[in-house]
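Please model the complete structure; the sequences and the hints are all you need to start from.
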Amino acid sequence: MHTILRALTVYLVLLTVFRISGKRSLGQVTTFDFVILLIIGDSVQPALLGDDYSVTNAVLVVLTLIGADILLSLLKQRSRPFDRLVEGRPLILVQDGLPLQDRMNMSRVDEEDIMEAARKSQGLERMDQIHYAVLERSGEISIIPART
Amino acid sequence: MEPAGSAQESSTPAAPAEIHEDLASERRSWKIERAGWWIMAVLVLLGFLGLWGGGPLSKRTISTPDGRLNVTYERFARVNCLVEIKVQSAGRPSAAAQSDSLVLTLPNSYLEKTLVRSVLPQPSYESAGPEAVRFHFARNPGTRATVVLRLEHLVAGPVTAWIESGRPGADRVELRQMVYP
Numbered sequence: 001m002h003t004i005l006r007a008l009t010v011y012l013v014l015l016t017v018f019r020i021s022g023k024r025s026l027g028q029v030t031t032f033d034f035v036i037l038l039i040i041g042d043s044v045q046p047a048l049l050g051d052d053y054s055v056t057n058a059v060l061v062v063l064t065l066i067g068a069d070i071l072l073s074l075l076k077q078r079s080r081p082f083d084r085l086v087e088g089r090p091l092i093l094v095q096d097g098l099p100l101q102d103r104m105n106m107s108r109v110d111e112e113d114i115m116e117a118a119r120k121s122q123g124l125e126r127m128d129q130i131h132y133a134v135l136e137r138s139g140e141i142s143i144i145p146a147r148t
Numbered sequence: 001m002e003p004a005g006s007a008q009e010s011s012t013p014a015a016p017a018e019i020h021e022d023l024a025s026e027r028r029s030w031k032i033e034r035a036g037w038w039i040m041a042v043l044v045l046l047g048f049l050g051l052w053g054g055g056p057l058s059k060r061t062i063s064t065p066d067g068r069l070n071v072t073y074e075r076f077a078r079v080n081c082l083v084e085i086k087v088q089s090a091g092r093p094s095a096a097a098q099s100d101s102l103v104l105t106l107p108n109s110y111l112e113k114t115l116v117r118s119v120l121p122q123p124s125y126e127s128a129g130p131e132a133v134r135f136h137f138a139r140n141p142g143t144r145a146t147v148v149l150r151l152e153h154l155v156a157g158p159v160t161a162w163i164e165s166g167r168p169g170a171d172r173v174e175l176r177q178m179v180y181p
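Chains as they are written, first to last, in the working numbering: chain A, 1 to 148; chain B, 1 to 181.
Think of the hints as simulated: they come from the structure by calculation, not from any bench.
What you are looking at is a predicted structure, and each value in this text was computed from that prediction instead of being measured.
Where is the CB? At the ideal position from N, CA and C, for every residue including glycine.
Incorrect hints may have been included.
To be verified - Cβ-to-Cβ under 8 Å is the rule here; a few derived chain B residues that face chain A:
| hint | residue |
| --- | --- |
| 1 | Glu-21 |
| 2 | Ser-29 |
| 3 | Glu-33 |
| 4 | Trp-37 |
Right under this line is the structure:
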């Protein structure tokens, strides 16, 4: 019983903390983000297993986490408000070459992030070549180039 | 007219229908995020100060009115986390050796929820009673002695214990701890 409660608690806490930390936390993994993710993984492992390193305990933890993930995805599918709560929605950050500054500030995205995404995904050089830059739910920035 | 180079206006009336953004919901989300950051900061600060165990807010020393028995312990602890209880007991210079032994008594209800990792110094012997276990330590009569117990709590929740030194009921202090999961 304790194993399952621990696993569920850790899962929900991580979900909440990452949701509160904003979309950008997982969308683009920089070296800094990678270090954080690595350390978080090591930090929660003892809380999940406790003193019990048996195969049974490990399997219970894995099944609980996967089960919680499946349940969450079913809930998201069935309930739009819940889906929005957990995943959020895409957000336009640049329209027709013009950055929407207050949205970018609140999302903690700067023009350099957008230009990096534009170069990587579309090979664009300038902001005015962007029709839309969208901050996706995953935290990635997708670029729709202007039609020439 | 918007200034060239950036748009301060945050609504996009011409957004394509297929990009399902919802700015009102996004703004609510941002407010909740900011509130969440403050809550996280407060939790970390309280943790630094020791409210969740291990820090100035957690360390506590209690004594008998005459100061003969002092116990320093962690008021806030966590499950499976090693904590220390330091017991200092003053001897009775005029007492005979047998009546001035250092005997620590811990209730069974406390010991059942903890795992005692070490007792320093080692007790000469332990005796189990219906309500408590008594740890007997050798000491020079009339001298002040210190015993350090290192233990782990196994069960979360509030815990109360009492520590006696010497004859039952002679010097006694009560410990209250909150053990977090």
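Quick rundown of the hints versus the structure:
1. Glu-21: Because about 5 Å separates B/Glu-21 from the closest Cβ in chain A, which is inside the 8 Å limit, the hint holds.
2. Ser-29: holds, 6 Å
3. Glu-33: Holds. Min distance 5 Å.
4. Trp-37: Cβ of B/Trp-37 sits 7 Å from chain A, so the hint holds.
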